[in-house]
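Protein chains: 2
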Amino acid sequence: MKIIVDAMGGDHAPQAPVMGAIQANREYGVNVVLVGIGEVILETLEKNGIKDLPAGVEIVHASQVVEMEDNPARAFRDKKDSSLTVGLTMLKNGEGDAFVSAGSTGALLSGATLVVKRIKGIRRAAMAPVVPSGSGGTVLIDCGANAECPPEYLLQFAYMGSYYAEHVLGRPSPKVGLLNIGVEPSKGTSLQTTVYPMLEEAGKAGRINFVGNIEAREAVEGAVDVLVSDGYSGNIFLKTMEGTGLFLAHNLKAMFKKNLITKLAAVLVSGGLKEFKKLMDAGEVGGTALLGISKPVIKAHGSSDDYAIKNAIRQARDYINADIISSIEANVDLMRLDGSTLKPKE
Amino acid sequence: MKIIVDAMGGDHAPQAPVMGAIQANREYGVNVVLVGIGEVILETLEKNGIKDLPAGVEIVHASQVVEMEDNPARAFRDKKDSSLTVGLTMLKNGEGDAFVSAGSTGALLSGATLVVKRIKGIRRAAMAPVVPSGSGGTVLIDCGANAECPPEYLLQFAYMGSYYAEHVLGRPSPKVGLLNIGVEPSKGTSLQTTVYPMLEEAGKAGRINFVGNIEAREAVEGAVDVLVSDGYSGNIFLKTMEGTGLFLAHNLKAMFKKNLITKLAAVLVSGGLKEFKKLMDAGEVGGTALLGISKPVIKAHGSSDDYAIKNAIRQARDYINADIISSIEANVDLMRLDGSTLKPKE
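First to last, the protein sequences are chains A and B.
With my numbering, letter number 92 in the first sequence gets 92, and the count goes up by one each step, no holes.
With my numbering, letter number 282 in the second sequence gets 282, and the count goes up by one each step, no holes.
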């Protein structure tokens, strides 16, 4: 197994991706390919006391870097020798089994879609982060790749999210819910009322474990393993969660900083407080899978440190091992509307 | 000023609405009319040691009660002698200046729309709660009354929310933002991209203080005074906030209950912790105004105790005093699309 890592992507590049990859190689025994400006990667390794390239670590030179200012839709084409485009092209050509990047989300999504391509029959790739919830994490699909979705997209998201939860996260018969504003099948916009019977049918046929509409509040409590949503609403859900966590963290900090007595209290619960803060910080657990792409692509958070990159690489490993892309390919006909008139638009 | 109170609505009726109204009468000097089953109201007063009706408190008998099982769209018609229908009819006939109820949201919304009616030219009434945020509370409009909205609704929500924030909450030149998944005008679904230039135009003309698209995370931080949204997304925002608060409260509790030392810490911060918990509990601050109805109607939270009802009555008083309904009526032509072809459907 060989995992291609974008050495130039993210707020803490090259340090975080380079050293995250080194740690993943050490810890998980996976082969890694660092793609980026050769001398910069070598410098980073040296700075971290690594003089000889460890076994299973390769470097592939790419002279350009995709910046946040670049047009996300065109970056992979405008910068053909960027770590992004070179890495994705290697993935496409089978010179690696997965691609991990902490760079621009939009550029990665466009690049993955147009270089690596979608699975045949899948209308759109979706961003599927694992968001913290009462059940230890819920797959949210989609969280913003597709603002506006016809029903067929959501049907496909449900299947892809279910396969991911089952085979990558190890949840047997994952509960799939449709994000909605009430539990009755009549609730929501025409999108939800149209998708509901499709998911219900898939559930009755035993293809997914559809448990019905789920309100946002119950979703946070962990009522489902997979939360199906259009990208606009999914993004509102994800960002509201993040914002509320930060807002409450801020107020909690103020509470503990009030006076000497409260500061003492903070010391007494310092261990638990650390865990609690992590819970509030975490908009997402690990990296976000781009489901629907024909090979595994993982978007690590832009602010990833080396530990986070290492985890994203582990996630890529699990994604490869689970081989859910084959499952999606084998079942893609079930995810299409009869006599589908919805042609994918590029 | 006379405020009509639904004595039978809410989880803690009749105790909460009856005693909340009595307290509001005492504290704010407003006249209140308790509408509900006469003997039940009298019993409740007696149980609380009130033998003679205080000055400024009236009782109006209504023999029926709208239950949660009743069809929300038809309840006001099916139960013509319910506290809901009698109270709303009194409001319509000018026998009171506002109506406050903690009963069924759907029944109240339908009843208010069809008995009291909307302001002429306003397409839909919206639910506008004040949600906790970094700036001390943000008016969210709409939070679920209208799952699916054409652009004109959102234009009207923006104006109504702005008037409410300015005149009822006392925010000078309130910042109005459009809930979205990015700040660029091109972001979101076709709804947001269509509404953006309309709000921009209203902003440029100095009619509202439109500050652009607002992501959910910044909205929670308190970036705006008014957050404009379709009801579906607004509900996702509100319920995610509530859910995240409850989820974190649960984890915080577990942290403090771990052992004797952490329990001591809890005692040391008990004062602040109480405030903090309130912050996490509060999905909404006070009652929710039904904006767009031709007279002030306030929905108090179903779980309201007497203190919450008292506050909802104070809010109704402020709503009446602010007289924003006149402002909406005077400016309603600015809130309509040119040559509007959108006919309101009942």
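Treat the hints as calculated values from the structure; they're not laboratory data.
Be aware that one or more of the hints could be misleading.
The list makes no distinction among identical chains, and a pair is therefore deemed to hold if it is satisfied within one copy or across any two copies.
[What the hints assert, rightly or not] Listed below are the simulated DSSO-like cross-link pairs for lysine-lysine, each with C-alpha atoms no more than 27 Å apart in a straight line: (1) K277 - K258; (2) K51 - K274; (3) K274 - K117; (4) K274 - K92; (5) K117 - K187; (6) K51 - K117; (7) K187 - K2; (8) K2 - K92; (9) K278 - K253.
Predicted model only: the values in this text are computed from it and were never measured.
Comparing the hints with the structure gives:
1. In this assembly of identical chains, the alpha carbons of K277 and K258 lie at most 27 Å apart whether taken from the same copy (18 Å) or from different copies (16 Å).
2. For a Cα distance limit of 27 Å, the shortest separation of K51 from K274 qualifies neither inside one copy, at 36 Å, nor across copies, at 56 Å.
3. In this assembly of identical chains, the alpha carbons of K274 and K117 never lie at most 27 Å apart, being 41 Å within a copy and 53 Å across copies at closest.
4. Proximity of K274 and K92 under a CA criterion of 27 Å is satisfied in neither setting, with 41 Å inside one chain copy and 56 Å between copies.
5. For a Cα distance limit of 27 Å, the shortest separation of K117 from K187 across copies, 24 Å, qualifies, whereas the shortest one inside one copy, 35 Å, does not.
6. Taking identical chains as interchangeable, the C-alpha atoms of K51 and K117 are never at most 27 Å apart, the minima being 37 Å within one chain and 78 Å between chains.
7. Taking the shortest Cα distances, K187 and K2 never come within 27 Å of each other, neither inside one copy (46 Å) nor across copies (36 Å).
8. In the homo-oligomer, the alpha carbons of K2 and K92 lie at most 27 Å apart inside one protomer (13 Å), although the nearest pairing across protomers, at 72 Å, exceeds that limit.
9. Taking the shortest alpha-carbon separations for K278 and K253, both the intra-copy value of 13 Å and the inter-copy value of 16 Å come in at or below 27 Å.
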